[in-house]
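Here the protein sequences come in this chain order: A, B and C. Reading the first sequence from the start, the letters are residues 1 to 775 in the numbering used here. Reading the second sequence from the start, the letters are residues 1 to 208 in the numbering used here. Reading the third sequence from the start, the letters are residues 1 to 326 in the numbering used here.
It is worth saying that the hints were derived from the structure and are not from the lab. Remember, predicted model here, so these are calculated numbers, not experimental data. Keep in mind that the hints are not guaranteed to be accurate.
Claimed, not checked - If you only want the chain C side, here are some residues facing chain A, beta carbon under 7 Å, derived:
hint, residue
1, E143
2, I204
3, P207
4, R234
5, S235
6, A286
Said to hold, decoys possible - Listed below are the simulated PhoX-like cross-link pairs for lysine-lysine, each with C-alpha atoms no more than 25 Å apart in a straight line:
hint, chain 1, residue 1, chain 2, residue 2
7, A, K774, C, K181
8, A, K37, A, K420
9, C, K304, C, K132
10, A, K191, A, K420
11, A, K312, C, K304
12, C, K297, A, K771
13, A, K408, A, K191
14, B, K43, C, K297
15, A, K774, C, K132
16, A, K150, C, K297
17, C, K132, A, K771
Backbone N, C-alpha and C define an ideal beta-carbon position, used for all residues, glycine too.
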Amino acid sequence: MKPTDDKPYFLKGVPVPETPLPGEDPKPWKQTSVVGKPLPRTDGYERVSGSAVYPSDVLLPDMLYGAILRCPYPNARVKSIDISAAERLPGVRAVITGSTPGADLKWPYGDGVSAKLFDPHCRFEGEAVAAVAAETPYQASDALQAIEVKYDVLPFVVDERNAAESGAPAVHQKGNRVAAPTKYERGDVAKGFAEADVVLEEEYRTECELHTPLELHGCVAKWDHNQLTIWESTQGVYAVQSKVAEVLGLPLSKVRVIGHYMGGGFGSKLRPGKYTVIAALLAAKTARPVKLFLSREETFVTCGNRPPTNMKLKAGVKKDGTLTALELTVTGTGGAFPAGGVSLVDWQIRDLYTCPNVRTEATDFYTHTGPARPFRAPGHPQGSWALEQMLDALAEKINMDPVDLRLKNIPLFSQARDGKPKYSSTGLKECLETGAKAFGWEDARKNRSASQSRHLRRGVGMAACVWFVGGGGPPSTIVLKLFADGSANLNMGASDIGTGTKTIMAMVVSEELGIDPSKIFIENADTGTTQFATPSGGSKTIPTESPAVRAAAIEVKRQLLAMAAQDLKVDASRLAMKDGSIYISNDPSRTVKIPDVAGLKKRGVIVGVGYRGPNPANLVVNPFGAQFCEVQVDVRTGEIEILRFVAAHESGRVMNRLTFDNQVIGGLTMGIGLASTEFRVLDANETGKLCNKNWHDYKLPTALDITENITSVPVEILDNQANSTGAKGLGEPVTIPTAAAIANAVYNATGIRITHTPINPVQLSLLFSEKPVKE
Amino acid sequence: MDDTFEKKTCTCKTGLSRRSFFTSVGVGAVALATAKPVHSQEKAQVLEPDSTEKIRLIVNGREHRILVEPRWTLLFVLREKLGLTGTKMGCERGECGACTVLINDIPQYSCLKLAVESEGYAITTLEGLMNGENLGPVQQAFLEKDAYQCGYCTPGQIMAVEGLLRQNASPTMDQIKRGVSGNLCRCGAYKNIFDAADLAAKLKTGGG
Amino acid sequence: MLPNFAYVRPASVEGAVDHLHSENSRVHAGGTDLLGCLRDNIFMADKLVSLSALSDLRGIRRAADGGLRIGAMNTITEVATNESIQDQYRALAMGASEVASPQLRNQGTIGGNMCQKPRCWYYRGEFHCLRKGGTVCYAFGGENQFHCIFGSDDHCAIVHPSDTAPALLAFNAQVRIAGPKGDRLVPVEQFFVRPAENVEKETILQPDELVTEIMLPQPPQGTRSSYRKVRTRRSWDFALAGVALAVVFKGDTVESARVVLSGAAPVPWRSAEVEKAIIGKKLDSAVVSSAAEAAVKQAQPLSKNRYKIPLFKAVIQQELEKIAHA
């Protein structure tokens with residue numbers, strides 16, 4: 001796979017038009033007065049008062065509640081379904097199956113592989129079998145219990161490590177390999193290993209993680225004759241619109257998708273689910289609105305995951321720290337349908353550090369498990385877990401500081417891409433240096449801080465990262481309306497998935513037009529009223545949308561100045577704006593306030609349209625980062641405590657310091673989950689079912705599992721080539737190196753290398769009993 | 001102990017005990033005004049499955065007479081029947097805290113509370129922390145400290161902090177962390193939530 | 001979603017027992033575990049009998065003999081924060097404060113905590129396991145990393161989920177049970193049921209009985225107690241390995257001791273081996289080590305929980321060292 005030649009994962013399957021070029025190429029901001037400041041969110045009031053209406057909050061008159069019956073087996077054929085008892089239950093208004101007229105639909109799973117909406121062959125636990133709508137969700141649940149399904153239960157394979165074995169049950173007819181292994185090679189790794197002074201090889205594994213955003217997956221669907229409106233918890237209303245229209249055979253104009261607020265996605269809500277279409281079918285059948293949100297347990301089996309990864313990494317280094325060769329083989333699974341099970345796991349190995357000889361090979365297997373969905377920096381934290389621990393081990397072998405080893409191998413161009421293009425900016429070196437300084441790295445390595453007790457050992461560790469996209473790009477179309485009183489309406493298709501997108505866009509408008517952000521209303525994420533936008537994912541929303549917003553603001557300004565020029569009787573080129581007033585550059589005493597501009601008064605509104613221009617040719621726009629942490633390990637019980645973190649991230653311009661830091665602490669927290677608390681447990685031997693499909697057995701980090709001692713150190717390198725606001729993506733890089741940094745710190749504390757996630761007492765107490773740590 | 005508890009159970013504005021309804025005789029919509037005394041020796045009424053009975057819920061100081069089934073949770077009634085959607089549904093299993101409300105000032109999961117068990121108690125939801133259109137101090141602190149991302153766990157986090165501060169006006173960092181340890185935040189904004197709780201304590205006591 | 005059930009809130013214990021006598025009724029105390037079980041279809045209930053109107057079941061009172069009487073309907077928070085309990089029965093307060101999450105401690109009751117259903121994912125999930133009337137315990141051949149190392153009786157490998165019961169057992173508490181024939185008092189030690197006795201029951205309670213009170217005897221002079229729990233995350237998690245200690249010292253010497261393990265067995269697991277290893281001795285490092293060794297000598301780990309052996313050793317060693325210097 002060549003990600004450079006392909007659409008990034010978050011745009012796969014999404015029809016993407018190109019927007020026109022912006023009118024002019026604005027100069028970079030020299031000094032900003034609003035952008036970059038720690039501004040609380042413009043929609044903060046709605047979020048903390050309860051007045052924000054999330055899709056799951058939508059209540060419509062005469063609304064029914066939908067629910068889906070799901071196959072309880074990992075591999076089974078539906079022999080028969082009897083819905084007669086369910087239909088007779090009180091409150092039940094519709095029961096549908098694959099044989100209901102209109103419900104025999106094709107469901108495209110991806111990469112050309114399809115199933116039916118209600119497929120008689122269920123290839124994973126949780127596949128949809130039937131659905132109901134009833135007056136209350138309780139009655140809908142009663143109805144599910146009353147549907148009688150007879151299954152042919154078939155043999156299964158749920159562990160990808162067994163999927164290639166001869167005799168393993170085949171998920172699809174052609175076997176369990178999704179495709180031929182994906183290979184990448186540059187240089188000559190054999191030569192590279194021969195040149196090395198030290199060669200190490202290690203096997204690593206990361207366990208499967210589940211997204212589990214707080215708001216459940218689902219929607220409310222309502223028909224007005226042949227017009228369908230869907231309120232969906234989604235990262236991209238247009239992505240939902242296009243797939244629903246495709247599956248139901250409707251014109252795009254007849255599908256309106258609204259998602260003003262959404263309660264988290266992390267990649268699992270980039271596309272609609274079967275539930276979206278099922279809700280629409282139930283609403284059509286009953287001629288009433290239907291609310292269909294999944295149960296928490298359903299989201300565990302059907303709404304994607306970060307696949308488990310088995311990695312073997314071999315690395316060679318010279319005594320002076322020069323990396324000579326890296327070789328990675330990886331196997332994984334995206335579940336029962338093509339879903340990028342090993343996608344991008346090798347990217348850190350390919351491109352983070354200078355290395356002339358690199359070879360990677362990735363093999364993706366089908367298993368009878370729920371299909372993966374992109375999960376915050378797909379593949380990257382897994383590859384980082386291997387590479388960054390390997391770097392740590394190499395540094396020790398050649399007696400070099402781990403930070404120095406990384407500094408020795410800083411690339412200035414992307415080695416893994418054709419033509420070896422330069423980065424528009426690379427802050428990797430600065431992140432390492434600034435982070436190390438803020439952390440007190442050298443001191444901390446030399447003098448381990450004292451713990452209270454001799455069985456509590458402290459250690460420090462670090463890791464760095466690159467995120468393979470993060471520059472955004474076209475298309476984006478923004479409509480900005482300036483009203484007669486100088487307030488504005490910003491109209492944008494993109495969702496704010498919690499990163500502060502709306503606030504940052506208001507700040508961009510404010511920066512250009514001098515309007516207070518509180519006077520800017522943002523209308524977004526509604527295919528009926530806002531412009532086309534790609535889903536918010538890939539850390540691309542800010543770098544994609546903010547230049548288009550800036551272009552729209554510049555266009556409004558152009559029109560406004562042309563009007564003011566008539567009032568002030570000068571040429572528009574002589575005018576400037578400040579604090580809501582227009583004045584003559586060389587005669588600031590001659591001024592007109594925005595509401596007093598005659599042309600604006602007369603027309604009532606100025607409409608400016610802004611487009612996202614193309615990314616710079618032959619340049620790669622990637623964010624970088626480095627994280628440092630200190631842990632304390634109980635070397636008897638294996639309990640670990642994260643004591644502090646310093647995160648230095650370079651994502652171009654810091655657009656809002658408050659939301660920037662929030663992304664950093666959020667990414668770290670999720671990384672702590674990968675490192676120490678989260679893992680999917682499948683009953684691989686007996687039933688193939690998911691054991692831990694709830695938040696008690698599947699353990700997200702709680703408030704007590706993280707540290708409040710997190711320092712975000714933004715490394716702001718003004719990247720004037722990336723785009724007109726200089727912003728790069730942030731949401732994903734911040735979670736890439738965290739787990740590896742923790743593993744390195746645990747090694748520093750105990751001398752034990754933890755190659756499998758999660759680092760918890762289950763694993764550590766056994767390791768410590770086999771190899772006691774001296775107290 | 002007994003005394004304090006009894007006092008707490010009777011803080012509802014009507015002065016009615018929470019038990020008043022079901023210890024009274026009769027079927028259907030027995031008016032609470034005719035409720036029998038607490039120590040009624042008469043036989044308790046059995047609410048039948050799949051049928052509704054009228055109960056009185058006191059939410060944010062307002063009384064609601066509402067028909068409920070025995071199996072309806074307080075969460076369901078608040079959100080889908082009273083339209084108080086500030087309280088969120090995350091798991092319905094008592095595992096995430098998005099549905100946290102105060103019952104007599106104490107944070108509880110409304111997903112694991114039957115509506116019929118909530119009768120007569122003072123129930124406070126996120127909406128009840130507002131002063132008209134103005135944010136309450138805990139809400140204000142969450143806004144200022146950016147103590148959320150997607151905002152879906154936020155109502156529960158705010159209620160947990162509100163409950164904590166009603167018991168303990170100036171909590172330590174450890175007490176704050178423990179106070180919100182029953183509320184998951186998948187976006188991982190915990191650090192800012194701690195800072196917001198700290199600021200809220202100051203705002204509530206007139207400092208900060 | 002919850003299935004259908006009838007609901008009643010009797011005004012007296014007798015009324016509650018009456019209602020429980022009818023077919024397939026269940027006690028609703030705090031409701032946190034009950035509603036979860038009903039939602040997961042672990043068992044059905046035709047009628048829920050709420051105890052929330054029973055004020056007699058509230059309150060924590062000093063008993064005539066100097067002990068403490070804890071009404072079964074006290075919340076876990078009330079137990080964790082009660083000064084008398086913190087003073088005299090520290091292990092119980094510590095155990096209570098380690099239960100689940102703050103909200104669940106505010107809702108769940110001490111009686112309910114003792115009567116809660118196991119957290120085994122086969123039992124809670126869509127698996128027709130032995131404890132639910134099926135024919136097989138999936139844990140023996142399956143994902144058993146969080147299962148027992150003692151007392152499965154080769155029937156069922158759950159661990160008992162309570163953090164308060166080990167402490168109550170360590171203090172030799174008694175449980176008052178109300179039933180159709182009146183009250184009976186049962187030592188906590190005899191309250192729980194091992195799989196070999198009845199694999200579908202966790203306690204000796206009959207369907208028409210309910211726990212009304214827990215009676216703690218006055219601890220002997222020189223008693224020190226503690227509870228410690230290791231888990232994979234620091235909130236809302238059950239014990240991987242835990243230990244409740246109630247040790248009576250005379251000077252530096254252990255006069256008597258009751259040691260109960262959590263996360264170890266289908267019932268709170270009294271470790272006679274540890275008790276034997278420390279009674280009559282000073283808790284020096286040799287005694288502590290041998291006690292920790294003794295604790296796991298009889299353990300029978302499953303395929304994925306071998307770690308519990310070093311983990312229990314570590315926890316017992318740490319706690320004995322701590323209590324020796326408390």
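Outcome of the hint check:
no.	hint	result
1	E143	holds, 5 Å
2	I204	violated, 27 Å
3	P207	violated, 24 Å
4	R234	holds, 4 Å
5	S235	holds, 4 Å
6	A286	violated, 16 Å
7	A:K774 <-> C:K181	violated, 60 Å
8	A:K37 <-> A:K420	violated, 36 Å
9	C:K304 <-> C:K132	holds, 23 Å
10	A:K191 <-> A:K420	holds, 21 Å
11	A:K312 <-> C:K304	holds, 24 Å
12	C:K297 <-> A:K771	holds, 20 Å
13	A:K408 <-> A:K191	holds, 20 Å
14	B:K43 <-> C:K297	violated, 55 Å
15	A:K774 <-> C:K132	violated, 46 Å
16	A:K150 <-> C:K297	violated, 48 Å
17	C:K132 <-> A:K771	violated, 41 Å
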